[in-house]
Structures are given as C-alpha cells and as structure tokens.
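The chain contents come next:
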Amino acid sequence: MQDFGAAFRLAGHLLVSGDPDLLEIVARSLAVSLGAVLVACLIGLPLGALIGFLRFPGRRAIVVFLNALMGLPPVVIGLLVYMMLSRAGPLGPLGLLYTPTAMVIAQAVLVTPLVAALARQTVETLAAEYDEYFQSLAVPWHAALGALLWDGRSALVTVALAGFGRAIAEVGAVIIVGGNIDHLTRVMTTAIALETSKGDLALALALGMVLILLSVGVNAAVMGVRSRAVEAGHG
Amino acid sequence: MADGTLPPVLTSSHPIGGLTPLRMTGVRLVRKGQVLLNIEDLTIGSAGVTVLLGPNGAGKSLLLRVADGLVRPDAGAVTWGGLAPDGTVRRRIGFVFQQPVLLRRSVRANLKFAMGISGLWDRRKADRALEDAGLAGLGDRPARVLSGGERQRLALARALVLDPEVLLLDEPTASLDPAAVAAVEGMIGRAVARGLKVVLVTHDIGQARRLADEVIFLHRGQITEQAAARLFFADPRSAAAKAYLSGLLIP
Amino acid sequence: MLNRRTFVGLATAVALTASSLLAAANDAKSILLQSTTSTANSGLFDYLLPLFTEKTGIRVDVVAVGTGQAIKNAENGDGDVLFVHAKADEEAFVAAGHGVKRFDVMYNDFVVVGPKADPAGVAGGRDAAAALKAIADVEAPFASRGDDSGTYKAELKLWQKAKVDVKAASGGWYRETGSGMGQTLNVAAGMGAYALTDRATWAAFENKGDLAVLVEGDTALFNQYGVILVNPEKHPTVKADLGQTFVDWLVSKEGQAAIAGFTIGGEQLFYPNATPSGS
Numbered sequence: 564m565q566d567f568g569a570a571f572r573l574a575g576h577l578l579v580s581g582d583p584d585l586l587e588i589v590a591r592s593l594a595v596s597l598g599a600v601l602v603a604c605l606i607g608l609p610l611g612a613l614i615g616f617l618r619f620p621g622r623r624a625i626v627v628f629l630n631a632l633m634g635l636p637p638v639v640i641g642l643l644v645y646m647m648l649s650r651a652g653p654l655g656p657l658g659l660l661y662t663p664t665a666m667v668i669a670q671a672v673l674v675t676p677l678v679a680a681l682a683r684q685t686v687e688t689l690a691a692e693y694d695e696y697f698q699s700l701a702v703p704w705h706a707a708l709g710a711l712l713w714d715g716r717s718a719l720v721t722v723a724l725a726g727f728g729r730a731i732a733e734v735g736a737v738i739i740v741g742g743n744i745d746h747l748t749r750v751m752t753t754a755i756a757l758e759t760s761k762g763d764l765a766l767a768l769a770l771g772m773v774l775i776l777l778s779v780g781v782n783a784a785v786m787g788v789r790s791r792a793v794e795a796g797h798g
Numbered sequence: 125m126a127d128g129t130l131p132p133v134l135t136s137s138h139p140i141g142g143l144t145p146l147r148m149t150g151v152r153l154v155r156k157g158q159v160l161l162n163i164e165d166l167t168i169g170s171a172g173v174t175v176l177l178g179p180n181g182a183g184k185s186l187l188l189r190v191a192d193g194l195v196r197p198d199a200g201a202v203t204w205g206g207l208a209p210d211g212t213v214r215r216r217i218g219f220v221f222q223q224p225v226l227l228r229r230s231v232r233a234n235l236k237f238a239m240g241i242s243g244l245w246d247r248r249k250a251d252r253a254l255e256d257a258g259l260a261g262l263g264d265r266p267a268r269v270l271s272g273g274e275r276q277r278l279a280l281a282r283a284l285v286l287d288p289e290v291l292l293l294d295e296p297t298a299s300l301d302p303a304a305v306a307a308v309e310g311m312i313g314r315a316v317a318r319g320l321k322v323v324l325v326t327h328d329i330g331q332a333r334r335l336a337d338e339v340i341f342l343h344r345g346q347i348t349e350q351a352a353a354r355l356f357f358a359d360p361r362s363a364a365a366k367a368y369l370s371g372l373l374i375p
Numbered sequence: 014m015l016n017r018r019t020f021v022g023l024a025t026a027v028a029l030t031a032s033s034l035l036a037a038a039n040d041a042k043s044i045l046l047q048s049t050t051s052t053a054n055s056g057l058f059d060y061l062l063p064l065f066t067e068k069t070g071i072r073v074d075v076v077a078v079g080t081g082q083a084i085k086n087a088e089n090g091d092g093d094v095l096f097v098h099a100k101a102d103e104e105a106f107v108a109a110g111h112g113v114k115r116f117d118v119m120y121n122d123f124v125v126v127g128p129k130a131d132p133a134g135v136a137g138g139r140d141a142a143a144a145l146k147a148i149a150d151v152e153a154p155f156a157s158r159g160d161d162s163g164t165y166k167a168e169l170k171l172w173q174k175a176k177v178d179v180k181a182a183s184g185g186w187y188r189e190t191g192s193g194m195g196q197t198l199n200v201a202a203g204m205g206a207y208a209l210t211d212r213a214t215w216a217a218f219e220n221k222g223d224l225a226v227l228v229e230g231d232t233a234l235f236n237q238y239g240v241i242l243v244n245p246e247k248h249p250t251v252k253a254d255l256g257q258t259f260v261d262w263l264v265s266k267e268g269q270a271a272i273a274g275f276t277i278g279g280e281q282l283f284y285p286n287a288t289p290s291g292s
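Listed in order, the protein sequences are those of chains H, U and R.
All residue numbers for the first sequence refer to the working numbering, where the first residue is 564 and numbers rise by one.
All residue numbers for the second sequence refer to the working numbering, where the first residue is 125 and numbers rise by one.
All residue numbers for the third sequence refer to the working numbering, where the first residue is 14 and numbers rise by one.
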C-alpha cells in the first residue's frame, strides 16, 4: 500500500512544519490525559494501597472486581459519563458535556481502576515485607499507607505510566463526552478517527505516528527522572 | 554478663513500673492439629540477657512473636509488667528480625521513620546511633544496598535509637560471617551494659555461651528448662538440652 | 533525585498546565451545533461556519454524529441547534416540543456506489430500488450504515420499495457496519461492496479505492437537510438568541448563497432550498 510511505512523509512534514492545529491538538491530548492520570493517581493510588495492605472481609471480592474494571471498554465509560453529564442527566446543570473537563473526567474514570489495581499489587508485596516491622512499631494505618506509597514510588511511577498509556490511546470515551469539536475538544485519537472516516488514511496514520512519538516522549521523560532516582539509590 | 551470674538490677533510664517481668501463663498455639507452643508458666525478669535456645522448629521465634503481641495465642495470657502487649507496649519494646526489614530509603531515613512514629526525630541522636553501629558516614546510602552485617547493625541501631525498655532479637546473626557476628554482639553487649533487658533467640550454642545470663531451653514448643547460664551449661537437666549441648541432632 | 519536593513540583506543574489549557476557550460567544457526519466530513462546515463567525462573532462548535444520535443528544438538551437530514424524525422532534420550528436549508442526493466490476450490473441505472433489487438477487456484498443515521433511514426506505428483506440477509451479503458514513465507505472499499452514501461525503472521501458512483439521479435519492432551534422552554440552557441568529443566517439570502458556493473539485455538493416560512 502506498499509504505507508505517504504516512511517514506526512508525519515527518507535520512534525517539522510545527503545524499550529497539530500543536494545539497535541497540547490538548497531553493536558487531558495527564490531567486524567493525575486525578486517577490521587484517587487510585491510596485506594489501591489501602486494599493492598488492609485485611477486611470482602477484600478478595473487591480485588476481583477491581481487576475486572481494568477491562472495561472506554466506550462504556464514555456512555456512562455522557449520561451523567448530559443536560438531561444528574450532573447536567454543571454544563460540562463537550468540554475538555468532561474528557478528563471520562479518562480518569477509565484509568482509576487500572491505577488502583496495579497499585494494589505493588503495595501488597511491599506490605507483606514490611508487615511485622510495622506491627512491632505499632505504626498507625495512615503512616503505614504513606510509607508504602512512598517506598513503592518507583513501581508506582510505572503504574502511572500504564495509566497514561491507556488514557492517551483511548478514543471511545473522549469522542462521546468531548464530541470531537474542532479547537475545543479534538484530541489526537479523535482526530485520527475523524481522518479515518474521511478516508484520509495517510493523514490518520501520520497522526498515529505523532501520537506514538508523544507517548514515547512522556515515557522517556518519566523513566529518565526515575532512573536518576534509582541511581541516587532511592529506587 | 556472660560470667554466669545474674547481675544485680542495673540502673535504667526508665521509671519503676516498667515492662518487666514478662509473664506467660497457659499460652497455647495450635495449627493444623499440631501444638506449636505450649507454655504453662514463664517469667522473664528484668536483668541481663535471656537466651531462648533450642533446635530449629522448637518454637523459639514463635515464642518471641507471641511475647511481642505479633502473634496472638489460641489460649493463655501474656503480660509485660502486668500490661498486655498492645501497640503502646510494643512501642516500648524493640524487635529485630532474623531478616532485617529495611525500608527502601536511605540509612538515616530508616532511623527517621522509626523515630518519627513516636514523634522523636532528632538528627544528632540518629547520627550517634549510626556511629555506635559503625555506620557513620553511610547515613545517605540506600539501606538496601548495605552488606548483610551492615543491614543487621542498622536494624539494631534503628531499634536502639528509640530507647526501648526491652529488646527482642530473633536470631540476629543467623546468616552472618564471624566478623559481622562479633560487631552485632558488640552492639548488644554495649546496650546491655547500659541496662537494657535483652531476650535473644538463637540456635548457636557458642553465641548463647557468650551472651547469656539466663537460658531458656525450648523443645517442641515446650520449655524443658530455665536456668542461670552458668548452671545450664555446666549441668543441663533435661535430656533434650543435654543431647543438644553435646552436639546431637535432636528432632 | 526523586525526592518529595520534585514529586510535588511535578504534580503541581501537570495540574497547572492541564487546568490552564482546559480553561482556555469557552468564554467566547458560542453555540453548540448537533449535526451529521455528512455536513462535517464533506468540509461544508469548515467553509461555511467561519463566514458566519466572521459576520456575527459567534463561534459554532460542531458535534458530528449520525442523525439519530444528534437528535437524541438534542432531546437531552445537549445542543443549541440541530442540523440533520431525516425530515420525518425532525418533524417528530418539533412535535414533541424539543424544537421550536423546522426550516428546510438545502438538499443534495444519495448515490449508490460499488465496485467497478459491478457484479450486479447496476451501473448507469437511474432506478435506485431496482438497482438494490439486482444487488440482492445476485447477493453481491452491500455495506450498510446499520445505525440510526439519516442515510440509513433513506436506505431502508429503498429496500422496502425494492421489497427486499435485508434483515434476513444481515451477516450474509448484507453487512451492517454500525458506524459512520466514512467508516462504512472504508469497509465497502475494503471488501468491494456496494453502499448508499450521500454525495457530499463521497466527494470528499479520499479512500475510494475501486469504488465508483453507479446509480444516481432517482428522485427517491433526494436528501433534504433541515435546521431546528432546540426549544429553550423545554431546555432552559439553550442559547436561544445566538442559536436563532445561526438559523436565521442559514436560511437568509447570504447563508443560502454561501452554501451554494461550497464546491469540491468544481462540483457543487449542496443545493440551498430554504423557504423563509419554514415547515
């Protein structure tokens, strides 16, 4: 197919030319997905950590449920958030539908179970290691939670990256709650979907390549910070 | 201390109404139909080093955990100076594990965390503790890259810096080379000289001889003998202890 | 070194960047238009809306989905103006009180596209229903929208007229993609299938592959677009004044002339036919 060559050339051209529309969409994609991951981490990390180190009845059921939620299709999340944020929905008066905020909410809902489930695993392993020591010190639960999250930070950064990967790559949720409105809620993935539906496969593929570069860049930046931390011996 | 006589009550920084004696009565622990621990009556006094001696699987480590309240017995009572080993009491007792549990932080941050739990962070005190442990200058090193001996000394320093009234040690030198063992025993000795009560689990007869003021011999979850170290090593009463001291493998 | 301060700093930076970017826009005068993929993907809106914005200072944010979903969204109050192509549904929308009044805006037509090899031999025909019947007879693959769009509704009417029960053939030669017009054309191009498409989407579509227009010109292929202001009495958040300005402009001489001026490759794709009185 000649589309591949065309896509590579187009991707290169898009990057070199610094097309303002493209930059805008890239910036919005980053803002939405990083914002969503931030929210997801603020909720998911403590939640996952709590489930990871507290022992309570029904815990296993919650773990199974959380792991299952990881597989929820983005479009279902999008639909649920749409129904909540629609003017006819319970949160309609906030007027958030078709705004970037709605997209952040949808992606945060999408990513939080992933972050929580992976954080649970990390913290559970660490908690098993620390358990007797913490007991012998009678460490209060909140201090234990903080220590587990902090000492697990190296692995938890990877968890956050996994969350970012899922957020930046999904299209099903943001296209429903964002509406793919030009200059308002269009992001990389919805732009790719749009160009595909226009039959402009080369442009769609070129945008996909830019998206991959974007993802690689964020991962490299975070891993760079992390490996310096490991070198400093705190990993 | 290892001269075989129980020393007089040493001066202690802690007020009367301390945690000793430790008393256990009717303590039983059964798992899968097997009696792991059966202590009818045990008193451990305030002075010197008490060594829990016995073969592997005798229940020594379990006894130590039950004493600290980390494991709840199926029956019986454990008291420290009349108090049950709840969180408040546990914080007055230091516990060092066979495999030291070190936080994934710097050496100094490990002390800081332990001290911070009780709101006692004091950097100069922490540095003195590191010095005593021979770890001066390693404060900023990640704890988990230390050598085995350094790790155990850090664990010990981290317990001692909290000024515990009692120190429970669960085979602290089990996997260390002789030089590292000597360093750890040196730290224990200095702490005991300052008046700290130590209860030490070991299956190393040599270590028991070097450190013990009092020996409790455990076999199959039961105490077969409790005696001053001098008497115990000179003339063990129970058949199991006799066999163990003579180097026989006892089941 | 990844210490607490770096961590908090990073998180704060992310939060600030995100919130500043997200807060941008949205204060300007704007309306939300629920419309269809054919008007958006053909490029009509890219041409038309800047003209309107330049004149009035009102930005138009477009949600381009199938007609059915656009109507549903508007019924939920998630939009100020509805601009779609399924006249019966639009009139029902107004009758139910969701819309103020419906105006004809423009029309174009549907065309039957298919592989140049044309296994059903329909090329050059003018009778759409007969062509579909021929496709059904030889069981040549046909890619259908299979959604709730205006195009799909027009297609179903044609099948009815041809007396073909496509539901029975679904999954066989009749393939419902359940997706937008462009996506369905991608499928048709990929499997060498026939499809019904609006002419505007077809003209702007860039992945035609082996497909070509085979049947056109039937009056049954007529495709009327209408515009409706969402009823502010039913949905108080509707920006009635700004929305009405847009509706008025679309049916005005100026708006109508602008629509007529939109071409792709020299071909006019939409034909204005507003009547000032509306329907």
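Among the hints, a few may not be true.
Unchecked claim - Facing chain H, from chain R, some residues (calculated, C-beta under 8 Å):
(1) Ala41
(2) Leu45
(3) Asn54
(4) Val200
(5) Met204
(6) His248
To be verified - Some chain H residues flagged as far from chain R (calculated, every beta-carbon gap over 10 Å):
(7) Val626
(8) Val627
(9) Gly742
Unchecked claim - The following residues of chain H were derived to be distant from chain R, with all beta-carbon distances above 12 Å:
(10) Met646
(11) Asn743
(12) Ala765
Calculated from the structure, these hints are not laboratory results.
For every residue, glycine included, the Cβ atom is placed at its ideal position computed from N, Cα and C.
Hint numbers contradicted by this structure: 1, 4, 5, 9, 10, 11 and 12
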